[in-house]
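Chemist: Each chain, letter by letter, is given below.
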Amino acid sequence: MIDVILNTIVSGILIGGFYAACAIGLSISFGMLRIPNIAHPGFIIAGGFLTYYFNKTFGLDPLLAGLLIIPIFFAFGFLLYRGYNRFFESKRDEREGQMSALVLFFGVLMIIEALLSVTFGVDFRTVTTPWSSIVLHFGSVGICLRMAVPFLCSVLMVCILYLYFSKTYLGLVIQAVAQDSMAATLIGSDPRFAKSIAFGISFSTAAYAGTLFVCLVPVEPSLGMQFLGRVFSIAILGGLGSPLGTAVAGLIVGITESLTTAYIGSSWTLAVSFILLLIIIAVKPTGLFRR
Amino acid sequence: MNKLVVNNLKASYQSVQVLHDVSLTLHEGETVILLGTNGNGKSTVMKCIMGMLKSCSGEIYLERDGQRIDLLGKKTHDIVNMGITLVPEGRRLFPYLTVKENLVLGSYPHHARGDVDENLDYCYEIFPRLKERHRQISNTLSGGERQMLAIARSLMSKPEILLIDEASMGLAPVIVRDVMVQIGRLKDQRKLSILLTEQNFNQAIKIADRGYIIVHGSISYEGKNKDELMGNDLVKKIFLGIE
Amino acid sequence: MSMKRFGLMLIILVVVASFSMAGGKAEGQEGSDTEPIRIGASLALTGNLGSAGKSILLAWQICLEDWNAKGGVLGRPVELVYYDDHSNASEVPGLYTKLITVDKVDFIQSPYGTPAITAAMPIAMEHGMVYPGNAALAANKEFNYKYYFSFWPLGPRQVEGIADLFFEAAMSSGEKNLTVAILSEDNEYGARVSEGALESVKKYGLKVVYNDRYPPSPATVDFTPVVRAVQNTGADLFFVGSFPQGTISIIKACKEVGYKPKLFGGAMTGVAYAANLTELGPLLNGVCACCYYVPEPTIQFGNVEDFLETYQSRAAVEGVDPLGYYNPPWAYSSMDTLLKAIEATGSLDQTVVGDYILANGWDSVVGKGAWDPAGSGEIAESRGFLVQWRGIESNDLSEFMVPGKQVIIAPEEYQSGPMLWPSPLFED
Ligand SMILES: Nc1ncnc2c1ncn2[C@@H]1O[C@H](COP(=O)(O)OP(=O)(O)OP(=O)(O)O)[C@@H](O)[C@H]1O
Ligand SMILES: [Mg+2]
Chain Y
0 MIDVILNTIV SGILIGGFYA ACAIGLSISF GMLRIPNIAH PGFIIAGGFL
50 TYYFNKTFGL DPLLAGLLII PIFFAFGFLL YRGYNRFFES KRDEREGQMS
100 ALVLFFGVLM IIEALLSVTF GVDFRTVTTP WSSIVLHFGS VGICLRMAVP
150 FLCSVLMVCI LYLYFSKTYL GLVIQAVAQD SMAATLIGSD PRFAKSIAFG
200 ISFSTAAYAG TLFVCLVPVE PSLGMQFLGR VFSIAILGGL GSPLGTAVAG
250 LIVGITESLT TAYIGSSWTL AVSFILLLII IAVKPTGLFR R
Chain S
0 MNKLVVNNLK ASYQSVQVLH DVSLTLHEGE TVILLGTNGN GKSTVMKCIM
50 GMLKSCSGEI YLERDGQRID LLGKKTHDIV NMGITLVPEG RRLFPYLTVK
100 ENLVLGSYPH HARGDVDENL DYCYEIFPRL KERHRQISNT LSGGERQMLA
150 IARSLMSKPE ILLIDEASMG LAPVIVRDVM VQIGRLKDQR KLSILLTEQN
200 FNQAIKIADR GYIIVHGSIS YEGKNKDELM GNDLVKKIFL GIE
Chain V
0 MSMKRFGLML IILVVVASFS MAGGKAEGQE GSDTEPIRIG ASLALTGNLG
50 SAGKSILLAW QICLEDWNAK GGVLGRPVEL VYYDDHSNAS EVPGLYTKLI
100 TVDKVDFIQS PYGTPAITAA MPIAMEHGMV YPGNAALAAN KEFNYKYYFS
150 FWPLGPRQVE GIADLFFEAA MSSGEKNLTV AILSEDNEYG ARVSEGALES
200 VKKYGLKVVY NDRYPPSPAT VDFTPVVRAV QNTGADLFFV GSFPQGTISI
250 IKACKEVGYK PKLFGGAMTG VAYAANLTEL GPLLNGVCAC CYYVPEPTIQ
300 FGNVEDFLET YQSRAAVEGV DPLGYYNPPW AYSSMDTLLK AIEATGSLDQ
350 TVVGDYILAN GWDSVVGKGA WDPAGSGEIA ESRGFLVQWR GIESNDLSEF
400 MVPGKQVIIA PEEYQSGPML WPSPLFED
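Protein chains in written order, with numbering that gives the first Met the number 0: chain Y, 0 to 290; chain S, 0 to 242; chain V, 0 to 427.
The hints are simulated quantities; they were obtained by calculation from the structure and are not laboratory data. Backbone N, C-alpha and C define an ideal beta-carbon position, used for all residues, glycine too. It is possible that part of the hints are untrue.
What the hints assert, rightly or not - Simulated crosslink set (EDC-like; lysine to aspartate or glutamate; CA at most 16 angstroms straight-line):
| id | chain 1 | residue 1 | chain 2 | residue 2 |
| --- | --- | --- | --- | --- |
| 1 | Y | K166 | S | D208 |
| 2 | V | K261 | V | E187 |
| 3 | V | K140 | V | E187 |
| 4 | V | K103 | V | D395 |
| 5 | Y | K55 | V | D348 |
| 6 | Y | K166 | S | D116 |
| 7 | S | K99 | S | E29 |
| 8 | S | K73 | Y | E88 |
| 9 | S | K99 | S | D77 |
| 10 | S | K74 | Y | D189 |
| 11 | S | K205 | S | E29 |
| 12 | S | K130 | S | E100 |
To be verified - Simulated restraints, written as ranges between beta carbons of each label pair:
| id | chain 1 | residue 1 | chain 2 | residue 2 | range |
| --- | --- | --- | --- | --- | --- |
| 13 | Y | V117 | V | V351 | 54 to 64 angstroms |
| 14 | S | E131 | Y | D92 | 34 to 44 angstroms |
| 15 | Y | G228 | V | T232 | 43 to 53 angstroms |
| 16 | Y | L66 | S | D187 | 52 to 62 angstroms |
| 17 | S | D187 | Y | S180 | 26 to 36 angstroms |
| 18 | S | S219 | Y | I280 | 29 to 39 angstroms |
| 19 | S | S219 | Y | C158 | 54 to 64 angstroms |
| 20 | Y | K283 | S | S217 | 24 to 34 angstroms |
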């Protein structure tokens, strides 16, 4: 009995970590930069497919391939913000800008899906590595590396981001810009540069989350659109803009889902985690960790 | 002699002109006050100097070691990196960061980064309250503490010229006095040039070397020293309530 | 400035629109003297069903090429007019209205899959069009449309029938008191599979110890908790009704948590696709699933082997599913039967052609047969069978192209080898 509980919770923790990796970039772009990048899950899937491509073509380990695509995504995010700033942010008031940005990013999401379908086909793709099928046993708890490795990578990612945003100049400046852009210029920073970096980081996390995604389960191009709801809920639940909050939110959702599946029935999984989200948002409207 | 010069400055917000003709000079090591009642354009002058307002014309320049450096048209963050900094009206702290994080951010300009620890110690020394509360989230500070933090944060960038817009706003008279005393000390210890806008004449005059009075967007009087300012009719009428 | 902004919005809109409307394409012989006969359809060429849609398109194209090479139908070339419906059933009615009223095609083929096929059914009925269906489950249940012909191998009992095969196989082991776990995806397909399984279980007097549905992907990313819940019941038979992603993940999860039921699988879709087969490789050993074609000697359906040879040589080039065991033979037959009827009747009249197909049944590369006499539009007898994988040693596609590795264990009619009991799951 206790074995089942333990195993279930461990599963929840492992998948929760992965959820956090998916949501953390959105937490940065939406939470810190106020850019409603609903194309984020699309970029996750794109990262997954690129990882798949590097793995299949050059036989690279997916975790390594993921590192290689990060600079591409970073540069893309960096430049995309420049364009966004030029055409959307600096030209209109915030509300209006966000509305049209929503349309923009919806279009981007669709374009990504179309491009992926054309380039990679519409089959489910996944990456299997030598470690994928290994299961480690700790007493009665079994941990499969297919789940555990993405979890560890996610934890590492959250830690790096946490340290970056709280300990480095540029990280702090990004937070400062998010809180008061005018004051940020008065400390001698260039908000546009800081935001470009932040958007690049957000994209990099999407890329690597995608890498972890293809290691976990098969993905296909339209998955991005379908994954949108969950990624947004976790980002909001965590308190937008907080890496640690996102991590905790991911774990909460993961564990809840896992326990619901095991003890209430898997058909309740979505409903229960949604109710949980509503309760937390009702009690703490800014999410778990927003100060 | 190094100085900051503002000459024939004009500025407007959406085609409404609010500065008509402002000229003033801030010499090295001086504390100058810019006096004026609400809505006469004090903050606008500050914004123009900091490059925060696009629609201004005239001349704003630094004279350093005999060289002239134009400020008009430069970006705010570049101006900050030249050693000019502003404590803005309303303080504008980073509300969800801690006191210490706010201070560290003040040292963002490259020339200040090397001396963060030294500057932190200095700030904690002149404002011991900040040291006690260095882990507190800044939007939970009291008004006076916030003003201290705003000034301390601007000092972290090792400025040569410090602009302070309404140092006393919203503060109790006792605190205003404390803040003024600290500003006065700063000038001596750090060889700062300070341009201060104020409505509280009595407090400001204690630390001022000289001052200007701005009325409806133009400099209407320049006082060469404390006595001249105190004796001026306009000052008497506007700030001291003496008819 | 506002012009610039407007311009940008316009560009975005145009780009988005051009992707989403990706215009209809007509294919066929150009420069022919006679007007071509035009067959219209929408297909899921992108979106989550795109893999199937593309393989169907290729099958149709091969069929038309075959006919055109023989001189066309009624001496006229045949041409395909098709649109992408993005796997979105709500786009389908509009596309069919356009095909019939604007493009004025002579005949239509259905889109892919139950939701899309049902969505276009009223349009086909309204215009009295012959409506050959491509892979739907009981799409005609509510409509009872006379000219709907389902080219799908499940027969009148539909997916519910898959459960019969599975439990029949389990019963043939002779073991008593077997317990059953039923797990299916929370969608229409899964619901019907579960329903059929419950009926079947009752028929054979088995005991159900677990019965649940999981939220469709991607809501369920991790299947280990649900599989562990099943494992915990200790069920002997694990019957699964899943869509491709679930299929792969559930098989992996079973292996990971070390759950080895005596018989495992059933209505798991996706196992006919090369990408999934090669992904799973040796993990498939011992697993059972319903299939419609495998290269076993007992399968003698028309000249399906010849068709698959052509298909496979083309698929490799065009980047669609390289095996073609699932939809393509039936899609080819659907098109072929329609063209044969036109040729035989010498008519382009929907009633004449429809009545002919109704009376003469289906006849093409998948063999021939009649329609369900009850008028459901389904084929009269199921052509599905249960495969149990064995001896798969690698993740290479060639593993799945030779006999002996995908052994048919039920029904008796097609059986090509003994069932392995209890199934030696995941053993290389
Ligand atoms: N952003 C703005 N848009 C339009 N008008 C503005 C703006 N900011 C200031 N003004 C106007 O410009 C004039 C000068 O404003 P400014 O803020 O410089 O006054 P001030 O002397 O600093 O006043 P206070 O002592 O109240 O701070 C005022 O009439 C004000 O209404
Ligand atoms: Mg002011």
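Chemist: Decide, hint by hint, whether the structure agrees.
Modeler: These are the hints, each one checked on the structure:
1. K166(Y) with D208(S): Roughly 41 angstroms separates the two Cα atoms, so the pair is violated.
2. K261(V) with E187(V): Given that 16 angstroms is the threshold and the Cα spacing comes to 27 angstroms, the pair is violated.
3. K140(V) with E187(V): holds, 14 angstroms
4. K103(V) with D395(V): violated, 46 angstroms
5. K55(Y) with D348(V): Roughly 51 angstroms between the alpha carbons, so the hint for K55(Y) and D348(V) is violated.
6. K166(Y) with D116(S): holds, 15 angstroms
7. K99(S) with E29(S): violated, 29 angstroms
8. K73(S) with E88(Y): violated, 21 angstroms
9. K99(S) with D77(S): violated, 24 angstroms
10. K74(S) with D189(Y): holds, 9 angstroms
11. K205(S) with E29(S): holds, 13 angstroms
12. K130(S) with E100(S): Status holds; Cα separation ~12 angstroms.
13. V117(Y) with V351(V): 54 to 64 angstroms: violated, 41 angstroms
14. E131(S) with D92(Y): 34 to 44 angstroms: Distance hint for E131(S), D92(Y) holds at roughly 41 angstroms.
15. G228(Y) with T232(V): 43 to 53 angstroms: Given about 31 angstroms between the Cβ atoms, the range is violated.
16. L66(Y) with D187(S): 52 to 62 angstroms: Because 54 angstroms falls inside the window, the suggested range holds.
17. D187(S) with S180(Y): 26 to 36 angstroms: holds, 34 angstroms
18. S219(S) with I280(Y): 29 to 39 angstroms: Hint violated: Cβ distance 56 angstroms, outside 29 to 39 angstroms.
19. S219(S) with C158(Y): 54 to 64 angstroms: Because 60 angstroms falls inside the window, the suggested range holds.
20. K283(Y) with S217(S): 24 to 34 angstroms: Roughly 52 angstroms apart at Cβ, these two residues miss the hinted range, so it is violated.
Checked against the numbered hints listed earlier, the structure breaks hints 1, 2, 4, 5, 7, 8, 9, 13, 15, 18 and 20; every other hint is satisfied.
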